[in-house]
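Participant: Spelled out, the chains give:
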Amino acid sequence: MSRKDLGPRAIFGVPALVFGLSLCGLIGALLEDGLWDWIGAALLGSSLLALAWAIGARRR
Amino acid sequence: MQTRTIRAWTWVHKWSSLISTIFLLMLCVTGLPLVFTHEIDEVLLHQQWEPARSDGEKLNLDQVLEMALSRHPGDVAVFMSFDEDRPVVNVTSIDPGGPAGAYNFQPIDQTSGEPAPPVAGHPAMEFLLQLHTDMFLGLPGMLFLGLMGLLLVAALVSGVVLYAPFMRRLPFGTVRASKAARTRWLDYHNLLGAVTLAWVLVVGLTGVVNTLATPIIAYWKDTALAELTAAYDIPVAAGERASLDAAVKRAQAALPGMKLQFVAFPGSTYSTDHHYAVFFHGDTPLTTHLTTPALIDARTGELAAVASVPWYVKTLSLSQPLHFGDYGGLPLKILWALLDLATIVILISGLYLWLAKPKKKP
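Sequence order for the protein chains is R and C. With our numbering, the residue at position 50 of the first sequence is 637, and numbering never jumps. With our numbering, the residue at position 253 of the second sequence is 288, and numbering never jumps.
For the record, the hints were derived by calculation from the structure and aren't laboratory data. Note that the coordinates shown come from a computational prediction; the quantities given were computed from them, not determined experimentally. All residues carry an ideal CB built from backbone N, CA and C; glycine is no exception.
Derived DEER-like restraints, expressed as beta-carbon distance ranges: (1) R/A597 - C/Q37: 20 to 30 Å; (2) C/V380 - R/L604: 17 to 27 Å; (3) R/W640 - C/Q83: 38 to 48 Å; (4) C/A215 - R/A603: 23 to 33 Å; (5) C/V111 - R/W625: 44 to 54 Å; (6) R/L604 - C/E337: 51 to 61 Å; (7) R/C611 - C/G274: 54 to 64 Å; (8) R/A603 - C/D90: 56 to 66 Å; (9) C/P68 - R/D620: 21 to 31 Å; (10) R/A603 - C/K49: 20 to 30 Å; (11) R/C611 - C/P134: 46 to 56 Å; (12) R/L604 - C/P270: 51 to 61 Å; (13) R/L636 - C/M36: 22 to 32 Å; (14) C/D90 - R/L604: 53 to 63 Å.
Using the sequences and the hints, build the whole thing.
Facilitator: This is how it looks when you write it as structure tokens:
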């Protein structure tokens with residue numbers, strides 16, 4: 588049984604979201620101090636969160 | 036995607052990665068402790084120092100300069116910088132008749148004129164920084180590492196293109212742990228590459244820009260700053276110069292609200308033969324990395340110009356924090372270190388995938 592190929596949105600959706608969040612975090616922390624240091628770190632940390640989720644949920 | 040297209044991108048990904056991997060690994064390994072330079076130096080260097088007169092009046096900059104040069108007769112001043120958290124002025128001078136690049140660096144207590152201990156990094160950290168910056172090869176080493184950075188960008192772009200055909204039947208993040216080791220590591224390689232792409236791209240590109248610092252500054256001096264010196268003919272001799280202290284005050288008046296960073300003396304790298312270049316920076320996370328020089332005519336002490344910083348110098352200034360990750364406090368530094376570790380895994384897994392590739396039968 589062959590599986591149907593995934594579309595570009597399914598392939599690149601999550602990586603593109605993580606890319607955008609990380610970039611916002613990197614630039615946001617540069618533009619403002621204080622709270623934005625934490626928001627920036629949280630947004631950049633989304634990449635590691637996605638990694639941890641994938642290893643936990645998608646390991647088979 | 037056609038097979039021929041995939042093959043072409045695979046070729047780009049393989050060779051851009053293979054050529055640069057060993058150098059990128061060196062950069063990642065040396066970069067890891069460098070992220071925490073400030074913290075490591077604080078632990079390794081227990082420097083306790085107090086100014087001679089913490090409440091006393093400070094010496095003016097002309098007095099500090101005179102004291103510094105009196106300790107190295109024959110030297111000419113090159114730079115003067117200012118510590119942010121202690122009343123110390125750092126004077127860099129050089130003997131014009133001596134060997135090139137043999138600078139004398141003197142931190143001076145501005146309350147007494149006595150020498151203060153230099154705020155130098157730990158020798159181990161200095162070694163790592165030099166290795167990371169130019170591999171002890173100077174400008175050629177920097178430019179070579181810049182080239183490796185460009186290969187990294189090529190590897191990232193080709194990796195994104197190849198991600199689609201590899202993942203066309205696998206949901207995001209799939210790791211086929213029960214399959215052969217090579218399949219498992221291919222999945223980890225793709226997953227790590229996908230989630231760290233933005234960070235690796237930003238750190239890689241800003242690293243490339245940083246390797247161009249010397250030519251960028253040289254170009255700025257030869258073009259934008261040269262226009263400001265067109266009206267002058269003979270360089271100003273040291274004895275003909277106006278008061279440095281007055282020059283800095285004049286510059287501060289022209290740029291109110293900005294913080295004094297350093298002064299480049301006439302004839303030095305960051306100035307012209309005719310000006311004190313007084314550099315200021317802002318006090319927000321963004322503007323603290325953007326410097327603005329005010330040029331003071333060294334003969335008359337008058338403000339000659341507030342030089343606008345061209346886009347390529349601004350790009351260089353902003354590339355430094357985005358490469359070092361030192362602008363968002365400890366949380367950002369910890370993330371920088373974790374993402375650096377993830378990049379090391381990507382590099383090693385890429386190498387493994389190439390070595391473990393099944394050999395074609397003849």
